[in-house]
Amino acid sequence: MGRFFVGAAQRIIRGTPLYYVWVVFLLIMIAIGIGAYVKQMRLGLIVTGMTSYVSWGLYIGNFTFLVGVAAAAVLLIIPAYLYDFGPIKDIVIIGEALAVSALLMCLMFVTADLGRPDRAWHLIPGLGILNLPRSMLGWDIVVLNGYLFLNLFIPGYILYKAYNEKPVNMKFILPFILLSIPWAVSIHTTTAFIYNGLAARPFWNASILAPRFLASAFCSGPAMIILLFQLVRYYTKFHVKNEALFKIAEMIAIAMAINLFLLGSEFFKELYSDTHHLSPLEYLYVGLQGKGRLVPWIWTAFTFNIIAFVIFLIPYTRKRFVTLNIGCVLIIIGIWIEKGMGLIIPGFIPATLGEVWEYAPTLIEVLVSIGIWSIGALTLTVILKVIIPIELGEFTRTTKMAA
Amino acid sequence: MSKEELEKSGRISELQDTRGSGPTPDEVEQKELIDRRMFFQGAAGVLATMMLGSCSWQEFFQNNFRRMTKGEIEQTVERLKAEYKQKYGKDFVVGTEGPIDATLFGYALDLQRCIGCRRCVYACVEENNQSRDPQIQYIRVLRFKDGEMDLEHSTIYYDPEEVPEKGHYYIPVQCQHCANSPCTKVCPVQATWTEPDGIVVVDYNWCIGCRYCMAACPYMGRWFNFAEPVIPADKVNVNTHYLGNRPRMRNVVEKCTFCIQRVRKGRYPACVEVCPVGARKFGNLLDPESEISRIIQTKRVFRLKSELNTQPKFYYFFSI
Numbered sequence: 001m002g003r004f005f006v007g008a009a010q011r012i013i014r015g016t017p018l019y020y021v022w023v024v025f026l027l028i029m030i031a032i033g034i035g036a037y038v039k040q041m042r043l044g045l046i047v048t049g050m051t052s053y054v055s056w057g058l059y060i061g062n063f064t065f066l067v068g069v070a071a072a073a074v075l076l077i078i079p080a081y082l083y084d085f086g087p088i089k090d091i092v093i094i095g096e097a098l099a100v101s102a103l104l105m106c107l108m109f110v111t112a113d114l115g116r117p118d119r120a121w122h123l124i125p126g127l128g129i130l131n132l133p134r135s136m137l138g139w140d141i142v143v144l145n146g147y148l149f150l151n152l153f154i155p156g157y158i159l160y161k162a163y164n165e166k167p168v169n170m171k172f173i174l175p176f177i178l179l180s181i182p183w184a185v186s187i188h189t190t191t192a193f194i195y196n197g198l199a200a201r202p203f204w205n206a207s208i209l210a211p212r213f214l215a216s217a218f219c220s221g222p223a224m225i226i227l228l229f230q231l232v233r234y235y236t237k238f239h240v241k242n243e244a245l246f247k248i249a250e251m252i253a254i255a256m257a258i259n260l261f262l263l264g265s266e267f268f269k270e271l272y273s274d275t276h277h278l279s280p281l282e283y284l285y286v287g288l289q290g291k292g293r294l295v296p297w298i299w300t301a302f303t304f305n306i307i308a309f310v311i312f313l314i315p316y317t318r319k320r321f322v323t324l325n326i327g328c329v330l331i332i333i334g335i336w337i338e339k340g341m342g343l344i345i346p347g348f349i350p351a352t353l354g355e356v357w358e359y360a361p362t363l364i365e366v367l368v369s370i371g372i373w374s375i376g377a378l379t380l381t382v383i384l385k386v387i388i389p390i391e392l393g394e395f396t397r398t399t400k401m402a403a
Numbered sequence: 001m002s003k004e005e006l007e008k009s010g011r012i013s014e015l016q017d018t019r020g021s022g023p024t025p026d027e028v029e030q031k032e033l034i035d036r037r038m039f040f041q042g043a044a045g046v047l048a049t050m051m052l053g054s055c056s057w058q059e060f061f062q063n064n065f066r067r068m069t070k071g072e073i074e075q076t077v078e079r080l081k082a083e084y085k086q087k088y089g090k091d092f093v094v095g096t097e098g099p100i101d102a103t104l105f106g107y108a109l110d111l112q113r114c115i116g117c118r119r120c121v122y123a124c125v126e127e128n129n130q131s132r133d134p135q136i137q138y139i140r141v142l143r144f145k146d147g148e149m150d151l152e153h154s155t156i157y158y159d160p161e162e163v164p165e166k167g168h169y170y171i172p173v174q175c176q177h178c179a180n181s182p183c184t185k186v187c188p189v190q191a192t193w194t195e196p197d198g199i200v201v202v203d204y205n206w207c208i209g210c211r212y213c214m215a216a217c218p219y220m221g222r223w224f225n226f227a228e229p230v231i232p233a234d235k236v237n238v239n240t241h242y243l244g245n246r247p248r249m250r251n252v253v254e255k256c257t258f259c260i261q262r263v264r265k266g267r268y269p270a271c272v273e274v275c276p277v278g279a280r281k282f283g284n285l286l287d288p289e290s291e292i293s294r295i296i297q298t299k300r301v302f303r304l305k306s307e308l309n310t311q312p313k314f315y316y317f318f319s320i
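For the record, the sequence lines run as chains P and Y.
Take the first sequence: its letters are residues 1 to 403, numbered as in my numbering.
Take the second sequence: its letters are residues 1 to 320, numbered as in my numbering.
Treat the hints with caution; some may be incorrect.
[As the list claims (entries may be wrong)] Quick partial rundown of chain P residues pointing at chain Y, CB under 10 Å, derived from the structure:
| # | residue |
| --- | --- |
| 1 | I46 |
| 2 | Y53 |
| 3 | I129 |
| 4 | A210 |
| 5 | H276 |
| 6 | N325 |
| 7 | I326 |
| 8 | V329 |
Simulated from the structure, these hints should not be mistaken for laboratory data.
Everything numeric in this text was worked out from a predicted model, so none of it was measured.
We treat Cβ as the ideally placed atom computed from N, Cα and C, and that holds for glycine.
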């Protein structure tokens, strides 16, 4: 075990100049983020743009988006382990590493949003009180931590065997793999239910919310995976087959089709019935009472999603890396807007007593968020730096590290 | 020398609690120095800042009010009194009176009488020690045009020479103390709950500040202390209840408690008392002879957003 850590540490410390530039850049961003967070802790959440009207903002928006990214690892697990689709099986562990980083970011974003993180121990069952089965936030904490465990344990076990040059005991690990599939669905469903269950907020209180969450998650998460794999393949000797990437792109096309269909259904219901439940959607897409800070954002998202959908739908553009990558970037930005601020903010507008009070994140919130994303990126970098050599068979119990 | 004189002469330390339960100013300064030094030690700084909000380990490890033993409650109350004395230079009463048997509090508001003067809003702020900066007010008086009751067309921003204004009427809204309360349901740590007498309360020392309850409330009945609450020492109300109007800390949620500190001692809530037209009624729903029960039985009453099935114990009615 000691040997492993020494070897892993050596691999993390050593790298190309570009690697150092990347890591130092991330560390600077993290330091700035921590500085901003310290200020938030000293002065209170008054330094954010949140108010008693719009009581959640950028942090919870990012949290929601990232739960989707984490859940999307399941899109790799199903073809890899259930259908034994070779090209994806080779790369699934990297997808799980992305899920772990995304989950860590989720937990950090929720913590950043807490007024009293010093009392987070109140959430620990026994020591504190976790309000189960009633609170959906309580359930979310359970499923997120469970998913984090699964995504650490499964690849951990497989890599441990690879490191020790021993075969994987599929009989032992398969139940965990199978469990992780419904579990991935559960984390995103539960997160949707946090908002969905609130009758006070008609924008969220629609049964279509959870299915739409899943559909959009299966767009943005895999798009990130496609980009990540190309980077991994470029910078390391790790081999990723083109057909694996194209397969993922095909799945994105299906998920986006469902996402757009559900969006259309939502539009129909609200527009045709034309009740007060239309107000939040109106605020989001055209503005309400002369206020519409989110309008340009949501139309950007809408346009990006449509363009990306066309790119992923047509095999020609799907299988050209230039267009494929453009599609991925568009989808990530599009879903980030739609599932982040585009979902959270209109839930609060108009407020429950009718007032239209807008929200915009402050610099502090932006810096803290960048800091958290940087921690996530650094975590992913470090994990990949260790696990890719193991996957490649370059880093095992018996390999000697050059001094 | 009276307390006030001592306060003015700046010799507040003579009033210091000598039982050792609260830190002396010197200790506070020392602590701040240490905190400041730690602040620059990177990660440790974050932790120190987190602790800064909670001044003692007793506070950090304080249990949920409902799980505390009698002894623990007594200790906590003593600690809080010392803390408040330190902060405001006054002796506080921090009551822990429990619910009265066979009592379920209910509220009724006469829309026919309400003139929209907002005296209730300010009486509430003074009684319940709400922060003056940033401002928190539990009661929002909505003004509607005659002939409509659309919340989206109502406003709280009106400033006429005289109320009531011609062509308008008013609906004051505060926590509705729902029997089927969405706010207590969603709280991940049970920091808020409904007492046996029907009052929805918050344990400010247990709240983690996630604001899920605020998202769940359909009536804007919950408020968050986004910054350290500021109450001028000469304005602070020293007659408090643990679950009610005791001074709060930053980054926790608070709300109307029907003036728990008053009603559990047989008094009316401050808003009921102050109302110049007698539009506000309060009493025991379980007593069929109480004023509130008589109103519900004999008047045309309705409850706000009754379609959400929150079952408020707050009724609106028309007296004529």
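Here is what the structure says about each hint:
Given the 10 Å rule on beta carbons, the hint for I46/P holds: about 4 Å separates it from the nearest Cβ of chain Y. The beta carbon of Y53/P is positioned within 10 Å of a beta carbon in chain Y (closest approach about 8 Å), and the interface hint is therefore held. The interface hint given for I129/P holds, since its Cβ lies 5 Å from the closest Cβ of chain Y, which is under the 10 Å cut-off. The criterion of a C-beta within 10 Å of any C-beta in chain Y is not met by A210/P, whose closest approach is roughly 17 Å, and the hint is violated.
The beta carbon of H276/P comes within 7 Å of a beta carbon in chain Y, closer than 10 Å, and the hint placing it at the interface holds. Of the supplied interface hints, the one on N325/P is violated, with its beta-carbon coming no nearer than about 37 Å to a beta-carbon of chain Y, more than 10 Å. About 36 Å separates the beta-carbon of I326/P from the nearest beta-carbon of chain Y, more than 10 Å, and the hint is not met. Here the hint on V329/P is broken, as its CB sits about 32 Å from the closest CB of chain Y, past 10 Å.
In summary, the structure is inconsistent with hints 4, 6, 7, 8 from the numbered list given earlier, while agreeing with the others.
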